[in-house]
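Q: Here are the chains, one letter per residue:
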Amino acid sequence: MQVNILSDNLFSKVNIKSVIAFSLCAVIAFGVVAYDCFFAAKESNKSFVAMGTVITSSIWTKNNPEIQQQINDEINALEKSLLSKNVDTSEVGRLNKEKSASVSEDLADILLDCKEVSKDSNGAFDVTICPVSTLWDFGGENQRLPSENEIEAALSKINYESINVKGTNVTIGNEQSIDLGAVGKGYTCDKIKALLEECRAQKAIISVGGSLLLYGNHKFTIGVANPSGNKLAMGTIDLKDCFISTSGDYEKYFEQDGKKYHHILDARTGYPADGYLSSVTVICDSGLLSDALSTACFIMGYNESLDLLKKYDAEAIFIFKDKTVKCTDGVADKFKITNNTFKMEK
Amino acid sequence: MKLLKKNDILVISAVLILCLVLLIPSFKKSDRLIATVTVDGVQTYVIDLSSVEKAYSFDTNTTPKAEITVEKNAIYFSYADCPDKLCVNTGKLTKNGQTAACLPAKVVVSLKSAKSDFDVLTY
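From first to last, the protein sequence lines are chains U and V. Mapped onto the numbering used here, the consecutive letters of the first sequence carry residue numbers 1 to 346. Mapped onto the numbering used here, the consecutive letters of the second sequence carry residue numbers 1 to 123.
In short, the hints are calculated from the structure, not lab data. Values in this document were obtained by computation on a predicted structure and should not be read as measured data. One thing to keep in mind: the hints can contain errors.
Simulated restraints, written as ranges between beta carbons of each label pair [claimed, not checked]:
1. U:Thr221 / V:Val42: 26 to 32 Å
2. V:Ile34 / U:Ala41: 19 to 25 Å
3. V:Asn89 / U:Asn142: 16 to 22 Å
4. V:Asn61 / U:Ser44: 23 to 29 Å
5. U:Gly258 / V:Val42: 26 to 32 Å
6. U:Ser102 / V:Tyr79: 44 to 50 Å
7. V:Tyr79 / U:Gln256: 23 to 29 Å
8. U:Ala41 / V:Lys6: 48 to 54 Å
9. U:Glu175 / V:Val42: 42 to 48 Å
10. V:Asn61 / U:Asn86: 26 to 32 Å
11. V:Asn61 / U:Lys80: 22 to 28 Å
12. V:Tyr79 / U:Gly258: 24 to 30 Å
13. V:Thr63 / U:Tyr271: 34 to 40 Å
14. V:Asn61 / U:Lys346: 51 to 57 Å
Note that CB positions come from ideal geometry on N, CA and C, so glycine has one too.
Here chain U stands alone, though its shape is the one from the complex (with noise of 0.2 Å):
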């Protein structure tokens, strides 16, 4: 029983020792390649447009291909059937028409936290903007700086307080509609949060026009735009399993006689948020949140918001327009700034 198999006689006596450490090794060996070739989660990435924005997302999962199609159609139809205002058929556009309807759990959800949050933020956030922001058109055709007395009329049919939720049926004022621009793109993160925990995705980056939903127990390092523009970080942040929204100065405006007007409506005014913010970043576990958060800060300002991102139990970064960043306690000693002209202050 000396002879060894491999290398001296095939068909001569056989070294059972030999054999079986060298069947394990191969065994392992083949099993190792065969995990990752066939079973180990295989990442897909796609980029697409709707919504009025870019959407990318990048998944790792194992048994799933056609996950990137549901995404992109679960977008589609909820642009279509239930967030856009400028489609009569779609749940908003039905309830701005009618003023009172039966619509899913879905939108009742959403018009209540908005209220919760609008009620929360003085007025400054407030869902029943359309009539302001319908006047502005940001990004739209008839894009244009309103005349004062327009924006007077268009403000006084502002009011969160006319909605009224009772179970899935809403009423709003006679005068009032809404807009859920300022939170889509964070319930669109939500929606796909599902679809990623049904087909048991592993890890997954969603971007819905810069608002994030980091899937799966995995660190991804964020980086948080430089407000300069052209897409750039400022700063990094890694983060897990949560929702990430900005709201800046930089994304929708337009300039006429030298002055810069951007999208971020205040809705007490009428007009832009004139204060001495660039952008606010909210971190929180929820995507309608972080995004009708982000909006709210941006126009509330550094002070004013603590209280309300304690509130949400929210994280968030503040950048000024004099390039000092302020962070709340939460992600203070996490994040990094990488563009050396940013400041961080206490």
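The hints should help you fit chain V onto chain U, whose structure is shown.
A: Leaving out everything else, chain V in the frame of chain U:
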């Protein structure tokens, strides 16, 4: 009595090395800058910007019309028929995670590289 002879070890090592070679693509992180162009959700071009030697431009065959220019380690919208020209004003994309889009034409250009400070940008 020895468990394995010299040649056994050689053969087993060869098998293990072969397995490792097969696994290399899984672990290898490319430092190349890759641009992806999608038109209406369909990935139309994948361009290795690191290997571009001479600049060139191409039409996206969309309505409105859009033209993309590719250079070494850079890509950008050089012309678009859209009203706001946001895509053209975005300028050159040169770093991982940057995107530019012509929304009316449904054209998205995004850059990816394993060598980057961050995975995704919030804006």
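Q: Could you run down the list of hints and mark each one as holding or not?
A: Status of each hint after checking the structure:
Hint check: Thr221 (chain U) to Val42 (chain V), Cβ distance near 29 Å, so the stated range 26 to 32 Å holds. Separation of Ile34 (chain V) from Ala41 (chain U) is about 21 Å and conforms to the stated range, judged on CB atoms against 19 to 25 Å. A hinted range of 16 to 22 Å holds for the C-beta pair Asn89 (chain V) and Asn142 (chain U), which are about 20 Å apart. Checking the proposed 23 to 29 Å range against Asn61 (chain V) and Ser44 (chain U) shows it holds: the Cβ atoms sit about 25 Å from each other.
Distance hint check: the CB atoms of Gly258 (chain U) and Val42 (chain V) are about 42 Å apart, inconsistent with the given range 26 to 32 Å. Distance hint check for Ser102 (chain U) and Tyr79 (chain V): the Cβ-Cβ separation is about 49 Å, which falls inside the suggested range of 44 to 50 Å. Against the hinted window of 23 to 29 Å, the Cβ-Cβ separation of Tyr79 (chain V) and Gln256 (chain U) comes to about 25 Å, which satisfies the hint. Checked against the hint of 48 to 54 Å, the pair Ala41 (chain U) and Lys6 (chain V) fails, with Cβ atoms roughly 40 Å apart.
For Glu175 (chain U) and Val42 (chain V), the hinted distance range of 42 to 48 Å is satisfied, since their beta carbons lie about 44 Å from each other. The hinted range of 26 to 32 Å is satisfied by Asn61 (chain V) and Asn86 (chain U), whose Cβ atoms lie roughly 27 Å apart. For Asn61 (chain V) and Lys80 (chain U), the hinted distance range of 22 to 28 Å is satisfied, since their beta carbons lie about 26 Å from each other. Hint check: Tyr79 (chain V) to Gly258 (chain U), Cβ distance near 27 Å, so the stated range 24 to 30 Å holds.
With their beta carbons about 35 Å apart, Thr63 (chain V) and Tyr271 (chain U) fall inside the hinted range of 34 to 40 Å. Distance hint check: the CB atoms of Asn61 (chain V) and Lys346 (chain U) are about 53 Å apart, consistent with the given range 51 to 57 Å.
Of the numbered hints given earlier, the model fails hints 5 and 8; all others are met.
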